[in-house]
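**Q** The residues making up each chain are set out below.
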Amino acid sequence: MAEKLMKLSEAVKKYDPVIGLETHVELSTNTKLFCPAHIEFGGDPNTQLTPVSLGLPGSLPVVNKAAIDYAIKLGLALHCEIEEWSQFARKNYFYPDMPRDYQISQYDKPLNGNGYLDVELDDGEIFRVPIERAHVEDDAGKNTHVGGADGRIEGANHSLVDYNRAGVPLVEIVTKPIENTGGRAAEIAGAYVRTIRDIVRALNISHARMEQGNMRADVNVSLRHSPNDPLGTRSETKNVNSFRGIEKTVNYEIRRQAALLDEGGEVLQETRHWDEATQTTAGGRLKTDANDYRYFPDPDLVMVHVTKEHIDELAKQMPEMPRERRHRLQAEWNLADNEMRDIINADALDLIEETVKAGASAAGARKWWLGELSHEANAREVSLEALPITPADIADVEKLIAAGTLTDKLAKQTVMGVLAGEGTPNEVIEKHGYKVVKDNGALEKAVEDAFAANPDVVEKLKSGNMKPMGVIIGAVMKATRGQADAKAVSKLVIQKVKG
Amino acid sequence: MASTNELVKLSASQMAEKLKSGEVSSKELTQAHLNVIESAEPSIQAFLKISGDTALEQAEDADKRRAAGEELPELSGVPIAVKDMIVTKGIETTAASKILEGWVPPYDATVVEKLKKAGMPILGKTNLDEFAQGSSTEHSGFHPTNNPWDTSRVPGGSGGGSAAAVASFEAPLALGTDTGGSIRQPGALTGTVGVKPTYGGVSRFGAIAMASSLDQIGPVGRTVLDTALLHEVIGGYDERDSTSIPEELPKIVKAAREGQKMDLKGLKVGVVKEIGGEGFQPGVKARFDESLTLLEQMGAEIVEVGAPHFPYSLGAYYIIMPSEVSSNLARYDGMRYGLRVMPPEGVPQTAANMMAYTREAGFGDEVKRRIILGTYALSAGYYDAWYGSAQKVRTLIIRDFEAAFEKADVLVSPTSPTTAFKFGEQIDDPLTMYLNDVATIPANLGGVPAMSIPAGLSDDGLPVGFQFFAPQKRDDVMYKPAAALEAALNEKWQAPLWSNLKTPWLDSANQTVEA
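If you're matching them up, the sequences are chains A and B in order.
In this text, residue positions in the first sequence follow the numbering used here: the first is 1, and each later residue adds one.
In this text, residue positions in the second sequence follow the numbering used here: the first is 1, and each later residue adds one.
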């Protein structure tokens, strides 16, 4: 059943959208939040367990200090007030993937409160997103529904539970209502979550891969007639797990709610789900039927105490923040805004920076990662960093080009060899004998052979028509198996024609 | 060598001496207790599970370690019973609930690890009220336990099994858990010594949770010194329990030995004005007053102290405890371990329905009653009125203790208002049953250590308990007067209280021993 949608441009003219985001970031600690179970993505089901993470009778949680430190760093990056005393509470509800049938989360005494994040929009404008809190909690396990058509619980004949993820530390970052977005609500939402991703990567506290579920967001949207009105009823779209999905969810909900309100209808306070296949959100359960979670302070855990000195210590370890870094690198690399944006959008900033650090020019590094390698990553449907080639490899190739040891064409072949798993650039060059022929004797002979084989072309060249020179160069390249330096060849040809 | 009868009637510290001198081996001592268990269980029913084979292996190992000259703790080789609320690797652990029937833990509680390290063979797992919820052990999901002093009466609860096992000489020592009096009240009703240590003084890791902010593991024995020795084995900081106190234990055994000198000069003993009066049997009151006189005769100064908020402790307890119970017992849902009951035909076979049918079948009435109470107390809109207010009362009780300990070194009261009652007498009247813990609950709410020792027999011929409280982290402070009072009473009676206990099961055990 398709829902009525209003055109976005019309919707934002008629209504003032207010959004709110709850972003879950999985921390990349070695062990779980409350026990020493090792964490690894993709392990066999139910192998990363202890009595604590399985909630066995008698087991007790103990807070992983590393997770608290990670969360404090995130709080500092979000300009939050870091609380000296924070507390874990129990959120009680029955669900098969919850080993204790309660989640341990922070409720009325979160670690990080009251901050903000400045996000840079496409046109360079800075938008300040107000942060309500960033608290720590543990993740649930994972249910797999078997026997149904689409992996959903409806129609399944049984379900499997994997508790490996149960107990993995999360930080939930909750914004205050984000107002005054105008028509840019979706763009702001996307930029905000991307900025969080960049920050947690810079802090090295999360793998932050949305496709692996390291990050996911709940998207709240409500409309009101004017910014002076009180907030409208909101919908909450749960667990959106891609940047594009977040942006599309915001726009879809604005359009859906606008159409609904326009007809005199009422927005229901409900949880919804973003469906990538249909590009729509679908209604879930009404919030009024929601669980009463019966929060109360977890008596198994003493309050978390963080001293001012410890916070100062962590503050000293804070790396450069992504936006500052971007501006610095753009200046260092002498790039235009749009060139820099291409790098950001391609997720290639880290790779290019490392390639430059390894000795390549910025232009060279950029050319590789946005050109040939992006193309290859697209073809393989993987991220750039998942390609089997390192920034150091690219830097090596670039150095060989600069030294005249490789032609552009040979360089490309070398890179392809590395991607094909044939080894390091030098190993690939060795294996295939990729070397620029600099021996003038050999080149001269190849040019003479080409002249002999193409007398008509030589005639044209001699008459001053240089257009068909490519035929000669092509023949020379063929004879030298591509290892001739094209510039040297054309120089020779010109010499011969004139001479 | 000594007969089984003589051996098992020794105190644990006397057994330890005989083990040290080589007069008896741990294997012989353990076998003697297994013999008593075999002959006593039909009438006492203190155990849910007897682990005789592993106990004998552990005993042999303890003997080997001793023979090899290893430096061993004093209680090495002395066997022990463990309340079935504490998890034991490889030995079925049920909390006396059908919902956990057949569950064999893959890990040991910290206290069990410590027993093993000390070389103390584990005889078996003792009975309790289901999930330690009750004051009579009648709420066990499997069977009741009988009071060795009168088998038509309850042994108290929830730790009736541990208390009865120690009282009947099935075990010289046992572990209990105390949330509102579950170690001390059975101690009083069976004429044994029961100690609830300072909250955080003994690791709770591996103690099945009832009410986490109140639960504490503690020792059960027949003498104050025996419980002190065991307390030092199981106590101390554990990084696996966030609420564990990161400090060294006070010198408990030293304090108990000091007390045996019967000199209490300079000690101020505070009688808690608010505990006693209505509801307390005259015989309980009489034994309490006699003990006060003995303490005074040993040089202690007796003062009266007020604890104005103690009368509210029962009310606060019955909000806080069920609230935590409702959350702690959520995990028994049929998903991962223990009982699973599928919905009957015609009812959708969903996870939610399976959970509901499992919990309906697996939990007993008292457990369900408390889960419902606690779920209500934590509900949105009620939280502040119930749980919030109860926590405020708790703070006031903690302040009462602090103020009282400025006036006295230790506080004292009767442990239980009555002696052991008959089976079925209170089972249908939860409120009367809850009143059994009126004297013991303040210690749990305040987090302070407290212990019960036998103070004699009431006019009905049944044991009466005398309770000491000490300040937080100062468990040693109560062991001294407790040991002194015990010595004075023994001197007065010219024998320990248990010499009055008729033990027909020991006679039959004696006939069957000596291989």
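It is worth saying that the hints were derived from the structure and are not from the lab.
Glycine included, C-beta positions come from ideal geometry on N, C-alpha and C.
Hints are not guaranteed to be accurate.
Unchecked claim - Selected chain B positions facing chain A (Cβ under 10 angstroms, derived; list incomplete):
(1) 86
(2) 337
(3) 434
**Q** Work down the list of hints and note, for each, if the structure agrees.
**A** Hints, verified against the model:
1. Taking 10 angstroms as the C-beta contact cut-off toward chain A, the hint placing residue 86 of chain B at the interface holds, the least distance being around 7 angstroms.
2. Satisfaction of the interface hint for residue 337 of chain B is found here, the shortest Cβ-Cβ separation to chain A being roughly 7 angstroms, below the 10 angstroms cut-off.
3. Violation of the interface hint for residue 434 of chain B is found here, the shortest Cβ-Cβ separation to chain A being roughly 21 angstroms, above the 10 angstroms cut-off.
Violation of the numbered hints given earlier is confined to hint 3; every other hint is satisfied by the structure.
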